[in-house]
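Just so you know, the sequences run in chain order S and R. The numbering of the first sequence is the numbering used here, which starts it at 4 and goes up by one. The numbering of the second sequence is the numbering used here, which starts it at 4 and goes up by one.
By construction, these hints were calculated from the structure, which means they are not laboratory data. Some hints here could point you the wrong way.
Heads up, the list lumps identical chains together, so a pair's fine if it works in one copy or across two of them.
[Claimed, not checked] Okay, derived cross-link-like pairs now, SDA-like style, lysine to any residue, Cα gap no bigger than 20 angstroms in a straight line:
(1) K196 x A166
(2) K196 x L20
(3) K62 x K196
(4) K62 x D165
(5) K196 x R66
(6) K196 x P108
(7) K62 x I106
(8) K196 x V93
(9) K196 x Y91
(10) K196 x L68
(11) K62 x M107
(12) K196 x G105
(13) K62 x P95
(14) K62 x A164
(15) K196 x F171
(16) K62 x L122
(17) K62 x D163
(18) K62 x S92
(19) K196 x V112
Here is how the chains run, residue by residue.
2 protein chains.
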Amino acid sequence: MSNTVIASLLSRTTTSLYDPAATLSDEQIRELVRVATTAPTAFNFQNWRFIAVRTPEAKATLRTLAWDQPKITDAAVTFIVCGQLIDYSVLPQRLAPAVAAGIMPAQMVEGWQGAARGLYFEQPQRQRDEAVRSGAIGATALIYAAHAQGLGSTPMIGFDADAVARTFALADSELPVMLVSVGRALPENWPQKPRRPVADVLDFI
Amino acid sequence: MSNTVIASLLSRTTTSLYDPAATLSDEQIRELVRVATTAPTAFNFQNWRFIAVRTPEAKATLRTLAWDQPKITDAAVTFIVCGQLIDYSVLPQRLAPAVAAGIMPAQMVEGWQGAARGLYFEQPQRQRDEAVRSGAIGATALIYAAHAQGLGSTPMIGFDADAVARTFALADSELPVMLVSVGRALPENWPQKPRRPVADVLDFI
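Just chain S, with the same shape it has in the complex:
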C-alpha cells in the first residue's frame, strides 16, 4: 500500500490544459469534498467551505476575476476554497459528534474551547492565519483526492479576492484562500517541475 500511495503523492502535477467536454457529477464532486474534509484542522474547527463553480455562466464570471485563466472555464469544476475566521464559540457544536461517538470525553470540550479562546479571541491576524491555513490544508487534500481519482487539478492564487468574495457572496468571516480547478487533463500538460534539492529545504537539529 505505502508504495502506491507515495507514488500517487509524488506523481501529482498541476494541470493547465483540460478537456472542456468532460464533466463531473454532483456525486463525484461531493466525494472529492468528503475526502478533502477528513484532513485535519486546528481543534477540529473545520473552518472551511467549498464552492463548486461549474455552470458555464458562473465559471465565465469567475474567470473574469482570475486573470482570465482558460482553465477556469475548461475544467469541469473550479472550487473556491474558503477559510473561515475562527469563532471559538462554535467549537462545542463542532466537537459534539466526537463526544457522541464516545471518542472525546465530554469534560475535555471546555478545555479545548478555553485554549481556542486564548489563541484567537480578539486576535485578528491569528484568525486570518488560521483561515488561510485551514483553506490551504483542505485544498491540498482535495488536490490529492482528485489525483487519486485520475483527475487533473490546478491550484490558483491569481485572482481578485475582494471581487470573488463580493461576487460569490462570501460571508464577512470567509476568505477565498485558493481556487482549485478539477477536470480531465489533456495529455499535452507539462510534467512536474523540478524541485529544490532536499538539502536546501531541510535542516536537522
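Given chain S, put chain R in place with the hints provided.
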C-alpha cells in the same frame, strides 16, 4: 490504485500518543521531505523550510514553547514547518531547473516574475498569506506521506511563534506555520473525529 490512495487519505488520523523508543533515520526524514516538497506552491516558489527537531535536548526545548505537549518529545521527530515571505527576485533561480529540463520556455520566466512582482511587491499581508499557505500545503503533504509510510503524525498550532522563531534562529522572512510531529503511533490513539456533513461545507453554483 485510486481506491488504495483514497483509502489512505480517508484513514489518516491525528496521533497523540507515540512510542518514545521509536526513531527515524536521516534517510527516512529526508524521504518524507522529498515527497512533501513535490506539493504545489504559487509560481513554484517553494517558499518553505523544514526543520527536523529530533535530539532529546532540542525536542525538550521546543516542547517548552508549545504548551508542554508530550507528543513533541515522544515522537521521533517534530518538524517546524516554515513558510517564507515571497521575494519575487528569486523566482528565475527557482524556475531555472524547469527551463533547463525543457519543461518551461525560457521566455515565460519574465512574465511569471512580473506577475509575482505585481502580486507580492510591497504587499506584506499577501506575502504573509502566501507563507502560511505554502507552509500549510507542505505540512499537509508531509502528513499524508508519513501516513503512507505507516507513521503517525500530529499537526500543531499551539505554540509561541515568536519564541520558536527566536530560539530556532528562523530568518526574518520565515514564519513557523505549523509543527508536525511524526513517529510510531501507539494503538491507544483516538480514531478520526467525525466531520461535518458534506452538505454543510459544499455549495454548488
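Hints versus structure:
For a Cα distance limit of 20 angstroms, the shortest separation of K196 from A166 qualifies neither inside one copy, at 31 angstroms, nor across copies, at 35 angstroms. Taking the shortest Cα distances, K196 and L20 sit within 20 angstroms of each other inside one copy (16 angstroms), while across copies they are farther apart (37 angstroms). In this homomeric assembly, K62 and K196 never come within 20 angstroms of each other (Cα to Cα): the closest approach is 27 angstroms inside a single copy and 34 angstroms across copies. For the identical chains of this complex, K62 and D165 are intra-copy neighbours only, at 17 angstroms inside a copy versus 42 angstroms across copies, given an alpha-carbon limit of 20 angstroms.
Neither within a single protomer nor between protomers do K196 and R66 lie at most 20 angstroms apart by alpha-carbon distance, with minima of 25 angstroms and 36 angstroms respectively. For the identical chains of this complex, K196 and P108 are inter-copy neighbours only, at 12 angstroms across copies versus 46 angstroms inside a copy, given an alpha-carbon limit of 20 angstroms. In this assembly of identical chains, the alpha carbons of K62 and I106 never lie at most 20 angstroms apart, being 41 angstroms within a copy and 28 angstroms across copies at closest. For a Cα distance limit of 20 angstroms, the shortest separation of K196 from V93 across copies, 16 angstroms, qualifies, whereas the shortest one inside one copy, 41 angstroms, does not.
Taking CA atoms no more than 20 angstroms apart as the test, K196 paired with Y91 passes between copies only; the shortest distance there is 18 angstroms, against 40 angstroms inside one copy. Taking the shortest Cα distances, K196 and L68 never come within 20 angstroms of each other, neither inside one copy (27 angstroms) nor across copies (37 angstroms). Taking identical chains as interchangeable, the C-alpha atoms of K62 and M107 are never at most 20 angstroms apart, the minima being 42 angstroms within one chain and 27 angstroms between chains. In this assembly of identical chains, K196 and G105 lie within 20 angstroms of each other by CA distance solely across copies; the values are 10 angstroms between and 46 angstroms within a copy.
With identical chains, the CA atoms of K62 and P95 are never at most 20 angstroms apart, being 36 angstroms at best within one copy and 32 angstroms at best between copies. Taking identical chains as interchangeable, the C-alpha atoms of K62 and A164 lie at most 20 angstroms apart only when both belong to the same chain, with a minimum of 15 angstroms there against 39 angstroms between chains. Proximity of K196 and F171 under a CA criterion of 20 angstroms is satisfied in neither setting, with 33 angstroms inside one chain copy and 31 angstroms between copies. With identical chains, the CA atoms of K62 and L122 are never at most 20 angstroms apart, being 37 angstroms at best within one copy and 23 angstroms at best between copies.
For a Cα distance limit of 20 angstroms, the shortest separation of K62 from D163 inside one copy, 15 angstroms, qualifies, whereas the shortest one across copies, 42 angstroms, does not. Proximity of K62 to S92 under the C-alpha cut-off of 20 angstroms is found in neither arrangement, the shortest distances being 35 angstroms within a copy and 33 angstroms between copies. In this homomeric assembly, K196 and V112 come within 20 angstroms of each other (Cα to Cα) only across copies, at 13 angstroms, whereas the closest approach inside a single copy is 44 angstroms.
Consistency with the previously given hints fails for numbers 1, 3, 5, 7, 10, 11, 13, 15, 16 and 18, ordered from lowest to highest.
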